[in-house]
Amino acid sequence: MKKIIKYVTWDILRNKIVLVYTVILLITSLSVFGLEDNATKGLLSLLNIILLIIPLVCIIFSTIYIYNSNEFIELLVSQPLKRKTIWLSLYTGLAVSLSLSFFVGAGIPLLIYHPNILGLLMCVVGVSLSIIFVGIAMLAAVKTRDKAKGIGVVILLWLYFSLLFDGLVLFLLFQFADYPLEKPMIAISALNPIDLGRVLIMLQMDVAAMLGYTGAVLKEFFGSTKGIIFAFIVLLFWIAMPLFLSLRKFKSKDL
Amino acid sequence: MGGKNNNMIIANNVSKQFGKLKALDNVSAICNKGECIALIGPNGSGKTTLIKSILGMVVPDSGFITFKGENISHNWLYRDDIGYMPQIGRYPENMTIGQVLDMMKDIRSSKKELDEELVIQFGLKEILNKRMCTLSGGTRQKVSAALAFLFNPAVLILDEPTAGLDPIASEFLKAKIIKEKEIGKLVMITSHVLSDLDDLITQVIYMQEGKMIFLKTIEELKMDTGETKLAKAIASVMLKN
Amino acid sequence: MGGYAEVRICFTILSLLFFYIVSAKTILVGPTHVCKKITAALNIASAGDTILVEAGVYKEQNLVINKSIVLKGINFPVLDGEKKYQIISIKADAVVVDGFKIVHSGISSLEDLSGIKIYGNRDVVIKNNKLEDTFFGIFTENVLNCTIENNQLTAFSKEEQQSGNGIHCWKSDSMRIIGNTITGHRDGIYFEFVKNSVIWRNTSKDNIRYGLHFMFSNDDSYICNIFSNNGSGVSVMFSNRIKMFNNFFEENWGDASHGILLKEISDGYMQGNYFAKNTSAIFMEGASRIFMKYNTFENNGWALKIQASCMDVVLEKNNFIGNTFDVGTNGSLMQNTINNNYWDKYVGYDLNKDNIGDIPYRPVSMYSMIVEKYPSAMILFRSFITSLLDKTEKIIPSLTPENLKDNRPMMKKAF
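Chains as they are written, first to last, in my numbering: chain A, 151 to 405; chain B, 118 to 358; chain C, 1006 to 1420.
In case anyone wonders, no lab produced these hints; they're calculated from the structure. Do not take every clue at face value.
[What the hints assert, rightly or not] If you only want the chain A side, here are some residues facing chain B, beta carbon under 7 Å, derived:
hint, residue
1, Tyr157
2, Thr159
3, Asn165
Beta carbons: idealized from backbone N, C-alpha and C, even for Gly.
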């Protein structure tokens, strides 16, 4: 398995799109930190990149990569290899190389300019989101045979996670404004990894505003050891669940 | 021929359905050592599905396939004995030929001696550093063919092997197939170019709409149809059905 | 007639002065002196005398000063109220209490037991004392022209009910509250019906409720004070003509917490104040004719929450930097003037290079309106959808008040 991971990772790291992605991230984060005199503004721009661009790039790139590797996957399947090994290798290759791109492009500048909890947290969230969206992409790709349809599905998924879900939450908030919603909100934020990451970063970033009542409830929860463990279990779950489902599907899939 | 221990692959009432389409309908066949079997039939007759079933890429709905007497379902180690050359060979774009060969060697980590005859004949040694995305379709076919023979497998499954190959490479490949057949390997070939197959094959499986119409030796087929060329014999079979 | 009265007053003062110089004496109190207790010294003292108290612990129960004397401690003698008594009660004019450590007063909400209480006198000076664990710290009622200077007041209570105010002034006039440090009380400084007074260079922090709390107190000035990390910040209500210069309002966090709450305030003047890291730096309700200039708002949740009930508030040349929301409001009608401020969120341009942005800045975002109405929506903060809503709102304003805008936003910091 290690051998395939090695070759797949090497292959993806030399992919032009991944190289461009890394360089653009690097240029953006350096300019954001270097040019803005206001540190918070720089972090905010980077937060938007982490929450929007990274899931989008990861999900689309991974989907296309899987579709383009169809014949390669067939060839691998014809070799004396377990399907599980093949799938996990592809997954690891994608996850490692895309996380690495993020880390080089945004993580390192982040840690240089903000060597604190916030910088570290943003790194962790960025890497987690990269891995999570690779998994979601692979699930979508293994479920849909047609490439065009598959890409459509993942764009919709991205739209759902980054926009529609929050729209639904807003709608719920308006509908149930009379009820105390702070605690259910914690549970709801766990249903979307982007939201969870955002809340975690936000609590570190906008301390003052967050200490309104809602903020206080969130802070109390995510500030405690229990809350941090919860958040990381949820993130791990978001990593594991799509992977598990896609693996199960891939094992019995007719190629 | 036909002795029990000569049986390499046995398909037993294998059926597979994709939606409404019956890709394989109760297919049974016995393939032995030293045979070179041509899988022939119109498009969509189930040839590729049969090959994929043998390779474990497609899981039959019913029936089973044994390889050297062992059921292949939930088994993957048997594929160590198979060399497969796909119809379209596509490899990770940024790998070089050398890396693809190395990766396969790593995956197989076989103790058997490597058979680099085709690698050398196709001149792949000289272009080991070329990336896959810069190669022509024919060169990629050469890589696929070389890979299929590289590990000295007991069974070779070749899907449209000569399509896209230049005549010289095509001749090298044919010579190689004959050579391997003669040292007792089982070779399965699907091809549309029937004239290519004339000197190679010993058996013909003819499929139509998922059903196996017959499995005959080439002599039987020629006798039954009264033709001397495979292409003509098959044409007359197709007309009959 | 009038001339005769003046002469008589002059004569009286002169004779008093003469009497003072001639007869003022100093009484020493301490373990080695005749007077072991301050009460004993008080009994033999007469107006104008000085009582010097040496270091030691004195349990005087309730020390009542009813003569105009100077009570001075050497090396902070301790006056202990044994958690039962009020410690010093001043019932004469022109008393000076200087250099004591006053600890453990009794607790009673009925009698407002204090470290030092002044009952209806004038010209009293309380300075250089350390008050610890007192219920109320320094309490004045109906007093005039008193000075409370350089005292340190510390209380340790955790609950509002178990704790009184640090410096509590009621119905007083012309007070000077200077250079005190107050922590751990209910309200750091509390004013009710106090006028013409100045509060200067005090530090009020970590108090349970408000750092500064005043009501019905007109014509007061607050200069160079630090109010930080109090339960609910600073609360200012029902007062007119107050002036606030160069104060710091910092780290007042919490749902109901404000840097400063201005409620029913009119004719206020605020200049050069610095607001940092407050949940909302300024919360205004029913305020009118407030003039704000050269203030800095940095890293607050809301720099300014201005309710629709405010009128004629003028915001000029203030800096708004790194605030989560610049301005929040609850209504759509706005009758205030906002001009020439610097907003770090401003993204306009300045074609004629006069350092003033060519398009107006709207400091109220749609999302801040939503959060105002549905506080739970805070969880969507910084999400894609809310920034989309904000962008849409900027192009087609529908929810945010049309006339709440800075028509001349500065391109660089206003000062």
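Under 7 Å is the threshold here; is the Cβ of Tyr157(A) close enough to any Cβ of chain B for the hint to stand? holds (5 Å)
Would you check whether Thr159(A) satisfies its interface hint, that is, whether its CB is within less than 7 Å of any CB in chain B? Interface hint status for Thr159(A): violated (10 Å vs cutoff 7 Å).
Let's test the interface hint: is any C-beta of chain B closer than 7 Å to that of Asn165(A)? holds (6 Å)
The structure is inconsistent with hint 2 alone, although it conforms to all the rest.
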